[in-house]
Amino acid sequence: MIVSELTRTEVGRQLGGHGLKVRMGPIVASIRSPMPVVADGIGFHYAAHETLDADAFADFNVHIEWPSGIRRFVRPTATFRLDETTAFEPLPANQGFPLLEWGMNWCITAYCDQYLILHSAVVERNGCALLLPAPPGSGKSTLCAALVARGWRLLSDELALIDIDRLAVTPIPRPISLKNTAIEVIRAFWPEAAIGTVVRETLKGSVAHVRPPPGSVERQHEIAHVRWIVLPKYGAEAPMTLSAITRGAALMRLVDCAFNYTVHGRRGFETLASLVADATCRDFRYGGDLDAAVKALEGLASAS
Amino acid sequence: MHEWDDELVVYDDLDGHTHHLAPLAGKVLLALLECRGGLSDAMLIERVGQLLAIDDAQVLAPAVEEALDELGRLALIAPAAA
Amino acid sequence: MVNRATPEPLVEALCDPSSAARANAPQWEALVRHARGSNLLGVLAERFVSGSLLDAVPPAPRAHLVAARVRAHAQAKATMRELRAIAHALGDVEAPVILLKGAAYLCAGLPVARGRVFSDVDILVPKARLAEVEAALMLSGFVTSHPHPYDQRYYREWMHELPPMQHVQRQTVLDVHHALVPETSRPHPDSALLVADATPLPADVSADLAAGQPGVPIRFAVLAPADMAIHCATHLFCDEDFSHATRDLVDFDSLVRHFAVAQPDFWERLLPRARTLQLARPLWYALHWSARVHRTPVPPDILREACRDAPASPLRWLMNGLLGPALRPTRGRASTRWARRALYVRGHWLKMPPHLLAWHLTVKAFRRENVSLPENADGNQA
Chain Z
1 MIVSELTRTE VGRQLGGHGL KVRMGPIVAS IRSPMPVVAD GIGFHYAAHE TLDADAFADF
61 NVHIEWPSGI RRFVRPTATF RLDETTAFEP LPANQGFPLL EWGMNWCITA YCDQYLILHS
121 AVVERNGCAL LLPAPPGSGK STLCAALVAR GWRLLSDELA LIDIDRLAVT PIPRPISLKN
181 TAIEVIRAFW PEAAIGTVVR ETLKGSVAHV RPPPGSVERQ HEIAHVRWIV LPKYGAEAPM
241 TLSAITRGAA LMRLVDCAFN YTVHGRRGFE TLASLVADAT CRDFRYGGDL DAAVKALEGL
301 ASAS
Chain R
1 MHEWDDELVV YDDLDGHTHH LAPLAGKVLL ALLECRGGLS DAMLIERVGQ LLAIDDAQVL
61 APAVEEALDE LGRLALIAPA AA
Chain B
1 MVNRATPEPL VEALCDPSSA ARANAPQWEA LVRHARGSNL LGVLAERFVS GSLLDAVPPA
61 PRAHLVAARV RAHAQAKATM RELRAIAHAL GDVEAPVILL KGAAYLCAGL PVARGRVFSD
121 VDILVPKARL AEVEAALMLS GFVTSHPHPY DQRYYREWMH ELPPMQHVQR QTVLDVHHAL
181 VPETSRPHPD SALLVADATP LPADVSADLA AGQPGVPIRF AVLAPADMAI HCATHLFCDE
241 DFSHATRDLV DFDSLVRHFA VAQPDFWERL LPRARTLQLA RPLWYALHWS ARVHRTPVPP
301 DILREACRDA PASPLRWLMN GLLGPALRPT RGRASTRWAR RALYVRGHWL KMPPHLLAWH
361 LTVKAFRREN VSLPENADGN QA
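Protein chains in written order, with the numbering used here: chain Z, 1 to 304; chain R, 1 to 82; chain B, 1 to 382.
Same shape as in the complex, but just chain Z:
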């Protein structure tokens, strides 16, 4: 059963009760929250995701809570909790859904060390994955959304889970997070995109999420091998360049983008070395013309 097959009332009932269990790639989150913004956010963004029975194994039991009693109305806040652990400061209640997304990112980066995890968007076409590793603010989510708009399969917009034994990316298709001007850029570029409520004045500015295409969610069990590594850097005025980068330099950039490189030690090094050895590595500077940027990446993909 998928989330969109549940009524809004049923979603709210499970979130308020034993938890709504949602499969996100290799993990299952059991989500509890009494907050309507969270129920609405999940109903909209996770519509195509599989939901599991109450007695299925959940990897993470997470809660998005608001204060009890009168304080809920005076100064409404939302708090993220994994079991007994509160990972962040409370945020204004209207940020409940983005908080769930950030909280899930935290669970995965803090506990899923069976993978080597890179801060990277990943999309796939014809069985080959394109990795877009970059620090925040490099525009990787914008590029990711634009490529998905052109039919690439979404593996992840934020976390590349590298399966060390198989040297492949394990998909975890979740909503694509867009910030500030990127929201309008994607609306213009991809008019059919299912973009949720814009939440303003978060720590990251205005935030909105794009619902992952159903096709990407249905194929979330299919791993993909990395064929291209493109290191994006956004500069509004800069001319677009897609230039070769040495494997050594690419490896060092991947090291910088990895959440748990040190945890894996020498195995982490060997894994990244194998990734760069088998992939075409490029530095990518791009500016305001998203259409040209996507064409350049598609050109790279069809040429190699």
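Read the hints as simulated data drawn from the structure, not as lab findings.
Check before you lean on any hint, since a few could be wrong.
Simulated crosslink set (SDA-like; lysine to any residue; CA at most 20 Å straight-line) [as the list claims (entries may be wrong)]:
#1 LYS77(B) <-> THR271(Z)
#2 LYS77(B) <-> VAL255(Z)
#3 LYS127(B) <-> THR144(B)
#4 LYS127(B) <-> MET138(B)
#5 LYS77(B) <-> VAL205(B)
#6 LYS77(B) <-> ALA188(Z)
#7 LYS77(B) <-> ALA75(R)
#8 LYS77(B) <-> GLY235(Z)
#9 LYS179(Z) <-> PRO135(Z)
#10 LYS77(B) <-> LEU14(R)
#11 LYS179(Z) <-> GLY265(Z)
#12 LYS77(B) <-> PHE259(Z)
#13 LYS77(B) <-> GLU270(Z)
#14 LYS204(Z) <-> GLY235(Z)
#15 LYS295(Z) <-> ASP278(Z)
#16 LYS77(B) <-> ALA203(B)
#17 LYS77(B) <-> MET43(R)
#18 LYS77(B) <-> ASP13(R)
#19 LYS179(Z) <-> ASP289(Z)
#20 LYS77(B) <-> THR262(Z)
#21 LYS77(B) <-> TYR261(Z)
#22 LYS77(B) <-> TRP4(R)
#23 LYS77(B) <-> HIS17(R)
#24 LYS77(B) <-> GLY265(Z)
#25 LYS77(B) <-> GLY16(R)
#26 LYS77(B) <-> TYR111(Z)
Keeping the supplied structure of chain Z fixed, place chains R and B upon it in accordance with the hints.
Here is chains R and B on its own, set in the frame of chain Z:
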């Protein structure tokens, strides 16, 4: 350790750091590893010259010296005990 | 006979991993949650590995065990790196340095270290060498992590350790102790006895610590077996922070099981040594609870003999009522939270005379509210 084209990337298991070495420093490290550290300066320069196909000790000597400094700074090599 | 406490799934799985084989999905989920909450996921994983049972675990919970093993393994490596750096920093200080707790278990190659994760390195040095050690560590980049004058005074006058030190580049935390319990607490175990009986590290571990830095002497040692078990008991039952209680009791059980086999005179020495160190009371608590919760094979005569150091009945009933819930794996039960809070106050009570305790808790409360107080405890008569 991985070598692609001219560059060398090394993982130091002792301190967990990863280093990306310029071609010359890479060759110096390779030459030292080949001989397990037991090399005189002249022999080192000669070996690095062979690896890089440069046959001019005078040009190489200061560059090798600099590379040794860099490798020392990265804690990849330590001077042999006297 | 000791009454068995209600079996906890986590404790059962740690004692006998094969008992988890019949678990269904919700039971596996609960097991992973409790182990994660008690910081025991890595230990649990290693128990499955020792029993060659890891592959029999269903894939979803197995992923968590595999991840925890990766983390524990990385931490062991990081600890060895840190100890190399500390050995380097203390190269010119000719004082014995005794590793405590996690770092000691790791370097002594004890089974208790398997999968165990911990955050700080703890060392013990003779009090007379404390200033020298502190200076050498500061020269190598360790700075105090508690610069507030009240905290400095709290540690230096009343505690058994320097204020925790943090390395400016590596961000690692080091606790330098000169005693097992605070200066102000009632028992006064003599640290000189601990140093005199300390065991050197195995040769291969010393060689590993010296790797990459020829000429640096490795002066690390670990506590003798009985002292190590007594310290573990003291840490568990005299500390005000009971959030690690479940894990600490697992440590105690593992240490005792190992030493009972590896050290023929372990049981003979244990109680007399604890009395000499004035730590027989916490040892009794640990033996009692470890036998009760983990079925630790404590010989009945030892348990009877240890009972002579148990508190009188009313206090014993009270403590049993508190310790039962407090030793449970965290699961947010109200009884666990209340028991831990009561024990927090007890832990402070054991550390300090009442007038100092009152001052300390007052300052802590005001500092939480950001109110400034005069820097005067006037508690030196203690």
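Against the structure, the hints:
1. LYS77(B) <-> THR271(Z): Answer holds: LYS77(B) to THR271(Z) is near 19 Å, not above 20 Å.
2. LYS77(B) <-> VAL255(Z): Holds, because 19 Å separates the two Cα atoms, which is no more than 20 Å.
3. LYS127(B) <-> THR144(B): 18 Å, holds
4. LYS127(B) <-> MET138(B): Given that 20 Å is the threshold and the Cα spacing comes to 17 Å, the pair holds.
5. LYS77(B) <-> VAL205(B): 12 Å, holds
6. LYS77(B) <-> ALA188(Z): Roughly 50 Å between the alpha carbons, so the hint for LYS77(B) and ALA188(Z) is violated.
7. LYS77(B) <-> ALA75(R): 17 Å, holds
8. LYS77(B) <-> GLY235(Z): 40 Å, violated
9. LYS179(Z) <-> PRO135(Z): Within the cut-off at roughly 14 Å; holds.
10. LYS77(B) <-> LEU14(R): OK: LYS77(B) and LEU14(R) at ~9 Å, within 20 Å.
11. LYS179(Z) <-> GLY265(Z): Outside the cut-off at roughly 34 Å; violated.
12. LYS77(B) <-> PHE259(Z): Holds: LYS77(B) and PHE259(Z) sit about 18 Å apart, inside 20 Å.
13. LYS77(B) <-> GLU270(Z): Measuring from Cα to Cα gives roughly 17 Å; hence the hint holds.
14. LYS204(Z) <-> GLY235(Z): Given that 20 Å is the threshold and the Cα spacing comes to 18 Å, the pair holds.
15. LYS295(Z) <-> ASP278(Z): 23 Å, violated
16. LYS77(B) <-> ALA203(B): 18 Å, holds
17. LYS77(B) <-> MET43(R): 36 Å, violated
18. LYS77(B) <-> ASP13(R): With Cα atoms ~9 Å apart, LYS77(B) and ASP13(R) stay inside 20 Å; holds.
19. LYS179(Z) <-> ASP289(Z): The hint holds at about 17 Å.
20. LYS77(B) <-> THR262(Z): With a Cα-Cα distance of about 10 Å, the restraint between LYS77(B) and THR262(Z) holds, given a limit of 20 Å.
21. LYS77(B) <-> TYR261(Z): 14 Å, holds
22. LYS77(B) <-> TRP4(R): 28 Å, violated
23. LYS77(B) <-> HIS17(R): 13 Å, holds
24. LYS77(B) <-> GLY265(Z): 9 Å, holds
25. LYS77(B) <-> GLY16(R): Answer holds: LYS77(B) to GLY16(R) is near 9 Å, not above 20 Å.
26. LYS77(B) <-> TYR111(Z): OK: LYS77(B) and TYR111(Z) at ~19 Å, within 20 Å.
Hint check: violations occur at hints 6, 8, 11, 15, 17 and 22; the rest are consistent with the structure.
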